Amino acid sequence: MSHPAQDHSANLESFPENARRALNDSQLRGALRHATGVIDERRGQAVERVACWQELRERAKTLKAATLERLDHWLELFERNAIARGTQVHWARDAAEANAIVARLAADAGARTLVKSKSMTTEEIGLNQHLEELGHRVVETDLGEYIIQLAGETPSHIIVPAIHKTRAEIGELFHRTLGVKDSKDPKELTAIARERLREEFARADMGISGANFAIAETGSFLVLENEGNARLCTSLPRVHVALIGIEKVIPRLADLEVFLRLLPRSGTGQHLTSYQTLFSGPRAAGREGPEELHVILLDNGRSAMLSDSLSRQALACIRCGACLNVCPVYGQIGGHAYASVYPGPIGSVITPMLQGVEQAHHLPFASSLCGACRDVCPVGIDLPALLLKLRSKVRQGSAGSGDREQRRAFRLWSLAMSGPRRYGLLLRALRLARPLLERPGARSRLARWVPPLAAWTAAREFRPPAGRSFRELWRDQEAKDS
Amino acid sequence: MKVSLFVTCLVDQFRPEVGLATVEVLRRAGCDVSFDPGQTCCGQPAYNAGYRADARAAARQTIQSLEESEAIVLPSGSCTAMTRHWPELFADDPQWRERAEAIAPKCHELSSFLVSVLGCTELGARFPGRVSWHDACHGLRELGIKSEPRALLATVDGLELIEHENSERCCGFGGTFSVKFPELSVAMLDRKLEGLQSTGVDAIASSDVSCLMQIEGRLARLGSRLRALHLAEILAGGAS
Amino acid sequence: MSARDECLSRIRGQLAGLSSFTELPQGPTPGGCPDLDPREKRLALFSERLQASGGQLHHLHSDQAVAERLAQLVRELGLTRIARSDATCLDPLIVTAGDVEWICASSSVKEVPQRKSLFEAHAGLSSAQLGIAETGTLVLDSRVERHRLASLVPPVHLVVLDAAKVVADLGEALAHFERDELPPTLTLITGPSRTADIELELVVGVHGPRDLHVLLLDPRG
Chain A
1 MSHPAQDHSA NLESFPENAR RALNDSQLRG ALRHATGVID ERRGQAVERV ACWQELRERA
61 KTLKAATLER LDHWLELFER NAIARGTQVH WARDAAEANA IVARLAADAG ARTLVKSKSM
121 TTEEIGLNQH LEELGHRVVE TDLGEYIIQL AGETPSHIIV PAIHKTRAEI GELFHRTLGV
181 KDSKDPKELT AIARERLREE FARADMGISG ANFAIAETGS FLVLENEGNA RLCTSLPRVH
241 VALIGIEKVI PRLADLEVFL RLLPRSGTGQ HLTSYQTLFS GPRAAGREGP EELHVILLDN
301 GRSAMLSDSL SRQALACIRC GACLNVCPVY GQIGGHAYAS VYPGPIGSVI TPMLQGVEQA
361 HHLPFASSLC GACRDVCPVG IDLPALLLKL RSKVRQGSAG SGDREQRRAF RLWSLAMSGP
421 RRYGLLLRAL RLARPLLERP GARSRLARWV PPLAAWTAAR EFRPPAGRSF RELWRDQEAK
481 DS
Chain B
1001 MKVSLFVTCL VDQFRPEVGL ATVEVLRRAG CDVSFDPGQT CCGQPAYNAG YRADARAAAR
1061 QTIQSLEESE AIVLPSGSCT AMTRHWPELF ADDPQWRERA EAIAPKCHEL SSFLVSVLGC
1121 TELGARFPGR VSWHDACHGL RELGIKSEPR ALLATVDGLE LIEHENSERC CGFGGTFSVK
1181 FPELSVAMLD RKLEGLQSTG VDAIASSDVS CLMQIEGRLA RLGSRLRALH LAEILAGGAS
Chain C
2001 MSARDECLSR IRGQLAGLSS FTELPQGPTP GGCPDLDPRE KRLALFSERL QASGGQLHHL
2061 HSDQAVAERL AQLVRELGLT RIARSDATCL DPLIVTAGDV EWICASSSVK EVPQRKSLFE
2121 AHAGLSSAQL GIAETGTLVL DSRVERHRLA SLVPPVHLVV LDAAKVVADL GEALAHFERD
2181 ELPPTLTLIT GPSRTADIEL ELVVGVHGPR DLHVLLLDPR G
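Chains as they are written, first to last, in the numbering used here: chain A, 1 to 482; chain B, 1001 to 1240; chain C, 2001 to 2221.
Simulated from the structure, these hints should not be mistaken for lab results. Nothing here was measured: the structure is a model prediction, and the numbers come from that model. Honestly, I wouldn't trust all of these hints.
Unchecked claim - Residues from chain C shown here face chain A by an in silico Cβ test under 10 Å; the list is partial:
(1) S2002
(2) S2142
(3) V2156
To be verified - In silico DSS-like cross-links for lysine-lysine, where the CA-CA straight-line distance does not exceed 25 Å:
(4) K1180/B / K1146/B
(5) K1180/B / K1106/B
(6) K2165/C / K2041/C
(7) K1106/B / K393/A
(8) K1002/B / K480/A
Where a beta carbon is used, it is the ideal one built from N, C-alpha and C, also for glycine.
Extracted from the complex, chain A is given alone in its bound form (with noise of 0.2 Å):
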């Protein structure tokens, strides 16, 4: 199963390129436009249905904040408990150290075929690519993911990962791939993708997955899911190695209650996903399951972004995709023309948090500041907050060296921003631009010196400044009525 090399890093210049070409795909964004308006209503409903949604975000984001202050408390108290159940805990700095550790524990298991169960954890340090290319096979085997598997590509939602596919292109890519006949109706496909997952999963010598929770006072974790694919995944290998990023632990077993109602409904619009499982250890004697259970403690810069609270909020989000659904920028381009494993709002945050803002640099300019994202977050991260944050540090870095035009132009409208008689030279340069900007022909050609001007005025007319300025009239009238 051939999983191409995906350098996101390399493609993260390329944004601006990307959404243009998304843009013009009718096909991707006819699949968007459907598939975000249908999660997007059914999360409404269900949300609807809870009188105290409210004060379960806010429960929530307070769990979030206090866990995340004390981190290292409640990470120490999670690798003890879980040690003492018998579980074998890994820490992992980096991707580099994690994908080792997994590879390592592979060789040890002699294992040829790994199963997984969807975690964008993996994704975002490419572990399948990793595993493959030391000769192991890796199958994908949540529906959404063993699609974007086969036809080479990454993830486009963090929820619905095939969301930018019709059926078509399923059937035609399961025919192609798969070589059984070409079907556009979604029961025979994923009938198709059961009968061959169930091959992968009796022949697994390991399985992978990821964790929605970590649970700090019982060593265990929690993986939701709605498919069964992570039931069979950590069922059936005789080894189980579950992927957590840091920032997933929470204190007690009792704070399950609150993320329990608020993930699913945010992610799904669900009550519930149709399975949770907590692992709490390796099986017993005698009993079914896996008989190593490992637990791998990813940084991956995630500690830097506990510098300040505001950084902490990104570190509190659960996943749930909300906030793509609702983005009206991801519902143009969808998740593909970010060019990273996390798109949308939030990807625009954790993204250059994570991977830094020099490379990561268009993403937080890559919103129109709306804020729907922001009321819809369950664990109410003031993404907008964090996207003004990110660009404020990519102007103080190199990286927006190429709007040097830009900074300069911010220059010059601050001095004439800081007082009135400067301000009022700028008006009387207005003025005189004036007869350029509303002569269409002169207008062009001013436009192409001025590039916002051209890309403003590609798609809309532009209205000149005002032949007297609000001052101005004011000053005429109060001299009238004096």
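Dock chains B and C against chain A, hints included.
Relative to the frame of chain A, chains B and C by itself:
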């Protein structure tokens, strides 16, 4: 009530008639309106583009000009929302932060000032036509303004408010976003405007000139007969 | 420095400047339904939520009624090969269920013949340790019963649940499993296996069961 007008830079330079209409409406509501020409801009264009030092320069000038006022009214939800960001903008400057914290609560968006502060919805306005309302994002999501403009429009003689399913959808302006990603910005607007023509409205109205420039610019390019109007222009209509 | 120590020291370094800390929220989580009494109300909600998530509920009032309904389901659904868990409460049911080949889920499913027969089973039969009214959920405790695979692999899952074990909400269910009471695997099941990965269209039975039948034994009802 004594009211100081913060006209905002866009209205000042591009739509001064909105400023005049705002003055007219406030006077009709019984306010004594003043205008201090020391004001410039709230700083939002630079703030949203990531240039915080430049934003501070603009904000300082405007704060200085308006801080003695009892109440400050802006014909913009977006700029009013920016005044709420001023304290954070001056987080590292205790003196200015204090001034920002003092002035921010005194700044009011026009419709919320009329309805929530003055308790006045009946202004004797007349506007014949069918109007669709655009809930500009910052007013809606940062200030919670939704019912106020509707309460005001409901009293306008001859006006029929046509609710549209996309009223809360972003127009795609987003400041420099509109020229940094022009195709995306316009695609977002086209999505918003979808189905609007078929509702038979004569105008789309809002409380932010920035959104209105985006909307009217596109409508004009598409050859639409729809007008893009500011709330104040409607409320000042049919002056007694 | 080990990866562990470095991760922890990075975290401590970032948090070093914190002077005040947010309090962990205490008290009950909002949104539960702890006062769901009498039991009729609790069972009614359980039944409603279970069916809303696509499960089927058989409200039965005696052991005999459970046995008869099981036999009826076996007949109607044509189940001739069933994987069963090792719960002893199932033993009497099996006697009367009809002409069925029973496969006992074993710890050694790694053995190919065992695994193959499990994969070929028409249904799985198990009990459940708890029901949750708030969500119509079944709770399976891997310590009590070997039902991890019987509840998952075959296309139909038949579950016997004691009505006395239906708790009001998620909070009450979690409270049942205080820290030392946790099994290696605790599974919550709400309705059949489902996916919506193709154009958001719901398809059931993708990897787990497409049909979930709950035989609710309620002698007091």
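- Message: Which constraints among the numbered hints does this structure fail? Numbers only, ascending.
- Response: 3, 4, 5, 7
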